[in-house]
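Let the sequences and hints guide you as you build the complete structure.
Quick note on numbering: the working numbering labels position 109 of the sequence shown as 109, and the sequence is numbered without any gaps.
In short, the hints are calculated from the structure, not lab data.
Note that the Cβ used here is the ideal one computed from N, Cα and C, for glycine as well.
The hints are all genuine.
Straight-line C-alpha distance at most 25 Å; calculated DSS-like pairs for lysine-lysine: (1) K163 <-> K140; (2) K163 <-> K23; (3) K13 <-> K70; (4) K13 <-> K23; (5) K163 <-> K13; (6) K140 <-> K23; (7) K140 <-> K13.
Using C-beta positions, here's what the derived DEER-type ranges look like: (8) A58 <-> R131: 37 to 45 Å; (9) R128 <-> P26: 22 to 30 Å; (10) I170 <-> P52: 31 to 39 Å; (11) V55 <-> R131: 34 to 42 Å; (12) R82 <-> T176: 26 to 34 Å; (13) R82 <-> L182: 30 to 38 Å; (14) V125 <-> K70: 36 to 44 Å; (15) N122 <-> K13: 18 to 26 Å; (16) V125 <-> T176: 32 to 40 Å.
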Amino acid sequence: MTTNVALMGAGGKMGQRITNNIKDNPNYAIRYVEVSPDGIAALAAIGIDVTPEEVALADADIVVLAVPDKLIGPICAQIVPRLPSGTIVIGLDPAAPYAGLLPAREDITYFVTHPCHAPVFNDEVDPRAQRDWFGGVHAKQSIVSALHQGPDEHFAVGEALAKEMYGPIIRSHRVTTEQMAL
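What follows is the structure, given as structure tokens:
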């Protein structure tokens with residue numbers, strides 16, 4: 001079964017990294033949402049067309065918020081009321097959920113994930129991985145993830161996508177939103 005993913009901010013810094021890691025994954029049907037002309041141009045340069053937000057959200061199983069942290073609250077206030085019941089909203093930083101900036105909606109899952117970045121001391125043998133200081137391109141890294149709200153079975157769904165978004169992965173650690181934020 002293919003999972004429908006709306007990637008908000010697909011042409012931004014994190015959006016492009018995520019795009020490069022998941023665009024060819026047959027398990028996900030990605031709809032790339034981007035509003036900035038530079039981001040749209042960056043996606044077009046790699047052969048990716050932008051999907052209008054309303055189309056991308058209409059049947060989204062997962063919405064990834066690859067947007068600036070300060071915009072997560074306002075963006076969620078606009079999109080969460082329109083999401084199908086059962087949608088998983090993935091944030092890339094714990095600040096907004098920890099601060100209570102996400103709209104209350106019991107039938108929506110909020111999942112938060114963040115990379116730990118590549119270790120200083122590692123066993124990478126590929127020279128490209130040795131120079132991948134932040135990880136997620138060639139160097140392996142670990143991630144932390146939290147199920148902020150939603151049914152426990154959604155953790156595995158969010159974690160599976162997080163591993164693809166941030167891969168290659170050494171380990172995935174389950175934490176709480178509070179542990180990640182503090």
